[in-house]
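*Asks:* The residues making up each chain are set out below.
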Amino acid sequence: MSSRLYSPARADRREFLRGAGAAAVTALTIGFEWAATSQAKAAGGASSLPPFAPNAFVRIGSDDSITVISKHIEMGQGSYTGLATILAEELDADWTQVRVESAPADATRYANLVFGKIQGTGGSSAMANSWAQLRDAGAKARAMLVTAASNQWRIPVSELTVEKSVIYHAASKRQATFGSLVKAAAALPVPATVQLKNPENFKLIGHLPPRVDVPAKCDGTAQFTIDVEMPGMLVALLKRPPLFGATVKSFDDSAAGKVPGVVKVVQVPGGIAVIAKSFWAAKQARDALRIDWDDSKAEKRSSAALMEEYRRLADQPAASARKDGDAQKALGAATHRISASYEFPYLAHAPMEPLDAVVKLDAKGCEIWTGDQFQTLDQANAAQTAGLDPKQVIIHTLYAGGSFGRRANVFSDYIVEAVSIAKAFGADGTPIKLQWTREDDIHGGLYRPMYFHKLEAGLNAQGELTGWHHVIVGQSIMAGGAFAGMIKDGIDPTSVEGAATIAYSIPNIAVDLSTAKTGVPVLWWRVVGCSHTTFAVESFIDEVAHAAGVDGFSFRRKLLEHEPRMKAVLELAAEKAGWGSPLPKGRGRGIAVGEAFKTFVAQVAEVSVDESGAIKVERVVCAVDCGIAINPDIIRAQMEGGIGFGLGAALYGAITLKDGHVEQRNFNDYRVLRMNEMPQVEVHIVPSSEDPTGVGEPGVAPIGPAVANAIFAATGKRMHVIPFFKGGVEAS
Amino acid sequence: MATTFQLNGKTTTLDADPNMPMLWALREVAGLHGTKFGCGMALCGACTIHLDGQAVRSCVLPLASVANRQVTTIEGLQSPQAKAVQAAWISLQVPQCGYCQSGQIMSATALLEKNAAPTDADIDAAMSGNICRCGTYTRIRAAIHAAANPKA
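Sequence lines, in order, name chains Y and C.
Just so it is clear: in the first sequence, position 260 is 260 by the numbering used here, and no numbers are missing.
Just so it is clear: in the second sequence, position 83 is 1083 by the numbering used here, and no numbers are missing.
Heads up, a few of these hints could be off.
To be verified - Below, computed lysine to aspartate or glutamate pairings styled on EDC-like, alpha-carbon distance capped at 16 Å:
| no. | chain 1 | residue 1 | chain 2 | residue 2 |
| --- | --- | --- | --- | --- |
| 1 | Y | K616 | C | D1015 |
| 2 | Y | K616 | C | D1124 |
| 3 | Y | K576 | Y | E561 |
| 4 | Y | K585 | Y | E611 |
| 5 | C | K1083 | Y | E611 |
| 6 | Y | K391 | Y | E159 |
| 7 | Y | K277 | C | D1015 |
| 8 | Y | K277 | C | D1120 |
Since the hints were derived computationally from the structure, they do not count as laboratory data.
Modelling step: build the complete structure from the supplied sequences, incorporating the hints.
*Replies:* As structure tokens, this is what we get:
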């Protein structure tokens, strides 16, 4: 494969296949090949040979190449490798022959079974929703290949074995590769049912097949949207309103139009777009635009005013998200009442690859190349914007340079922008790449919402936790979008997950939600609700334990007797961290545990505080139970990375508004974790035979409260305002 | 206006605005896509290249300033240190999304070319200008140590 995304030869082949109306083959050809071992192998394997395509998820070529079709985006979380591992396991494939292609947008074949009839990736669901589907797909393909060998050799299937893509008959010393059997296998019926492997016989699952995407990500050849290049392609930058909800009143593009390389300036619903021959020309021209904005309907409040309103709302009647027993009565009868509040800011996702999408639009259709996380929703929104039928919109899902939820939004904001720009340009088939800058990203909205949490607990004379009242105030993520139907009785489940689902055994629990409205667009951010609820619950339970005079680990453990998996990760993390062993002066340990997307994670953080009060997180011990560990190394990597991501947010992450203006603009003032702030991380995986669950997000949730609790242990100070620190960094 | 310099060991002339940042000259004029755009303000390190052997942020480096100098990008890495870094990155499975990794590898290579046995403090000093939002820092650190001492 060349380092260019889109060679003319490929384009011709694609046109040919589409012309032939070969719907079944489209899955083979749309998308890009990624080799398990090298790019060169992918090039050699881009085969013109007739493939064996027993189902929507696997293609086997007569050259022995095995192509797994991924319905999920690879954005760093390891989905391509994990999905291929599941299928390759049941297929008994040679891992070095396996590569992964992205599936076309198609909710019929490629829906996320957790979402229903939507193709998309989120909620750490890729492995969980694909587990049975891909085991079945791999096992059926294997059965057909084995039957083909059996027919050819006139030997019963029961006498044949398969190892690394080769079928053997030990007695007669015969063997045949998958590739040599694809033609015969393709002529056989797909079996209705098939025997899956006993997990004891897994050879890939639970072992360490290397990631399919790593080699290309170490030599600069991995293809991201920003790298898409095609003949005649132009680059667009969009000037968006400075306030959320403002619109263009008038604009003057006379200076912008004079910048060499500028082709056209167009007005679109999102603002004014400059379309140029290069990013640099578009950037200079955008800087030269003069726009008068109508901000009469814009959000003009400051973060401080919003938080003040949230505090007020916390004292007013709210919707009930959970009610066990009578929390008010229990609190009234308590011998010791404890209360605390926690404040959380807006957060930008800030993936390293600023948002981007390439659109080629003409009267007949629209092709989109992007790191697409919600393929069929984006397809529908693009079609509506372009005035086309969704079937006329083809989406090529590329690697995304991070997302953390940002590319999974029901409004398809950046894709709709790109399509609207291509439309305003004339819909003449010119490929246009919309590129966001980092400032666009930091100012671009769709933030993790601000929240205010207010908690109260009651202990009886024996020091037992008898009552718990938790009030959450913040914006709804699901309101107004494709998932709004999930809001029931005023409860957006993403606002209360982790709080309404509190696992501790408490006889009287009330969890209430007050949904606030602002003009700031919001979205899920890695680990969604648990990005704030786990902090509140795990910080407050620590405060309650302290009030009860019991150490944080023992207090939690006693309340988790009926939650064996949660209790097991708690115990494992504590044991491996040496919980209870003495620490030098100026050091403290904190613990937190949580469940997100049915994966259980506990973390123990160890912090040091120097004489100036500077805090460093030295070490984090993490225990995770995600069911069967499909790829333990990727699980470890996701825990390590999740800890870094969550720690940066807890220490520094905040988007703040001043009179409606976002006060941050780039990585200098939207501070994220850097190398010198990363703790040592140890990850321990609980052995399990439960079906696998996801690991992309759950590791993010406990780190903030674990560190907050460790800071308390070291300094006696509780963290009630998140992030813990404010301030920026200098350019390097 | 044309600027002539050594790009990955070859004499190269790019005809472009001399004020254009090297990042965009490399990506859009020279057609080398391995160097990535992350911030445009020398804050994240995704665009790191080598200028006369030093790690520099190409997003704030004007094209004119590289005239007659040696520029190396991820595509042109050749040194034994670079090969050791890339091998360690693969062996320790460092990348997740991978977008920042060209810049990380360029910074790590420049470090090892000057300092054969960096300490953790040396690594912090050399690598803290390179952001990884996926949080691969623990593996980057381990991979730099592994590349410095491949038999350990």
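*Asks:* So, for every hint listed, does it hold in this structure?
*Replies:* Each hint, compared with the structure:
1. K616(Y) / D1015(C): Status violated; Cα separation ~48 Å.
2. K616(Y) / D1124(C): 14 Å, holds
3. K576(Y) / E561(Y): Roughly 20 Å separates the two Cα atoms, so the pair is violated.
4. K585(Y) / E611(Y): Holds, because 11 Å separates the two Cα atoms, which is no more than 16 Å.
5. K1083(C) / E611(Y): 42 Å, violated
6. K391(Y) / E159(Y): 47 Å, violated
7. K277(Y) / D1015(C): Within the cut-off at roughly 14 Å; holds.
8. K277(Y) / D1120(C): At roughly 44 Å apart (the allowed maximum being 16 Å), D1120(C) and K277(Y) break the hint.
The structure does not agree with the numbered hints 1, 3, 5, 6, 8 stated previously, though it agrees with the rest.
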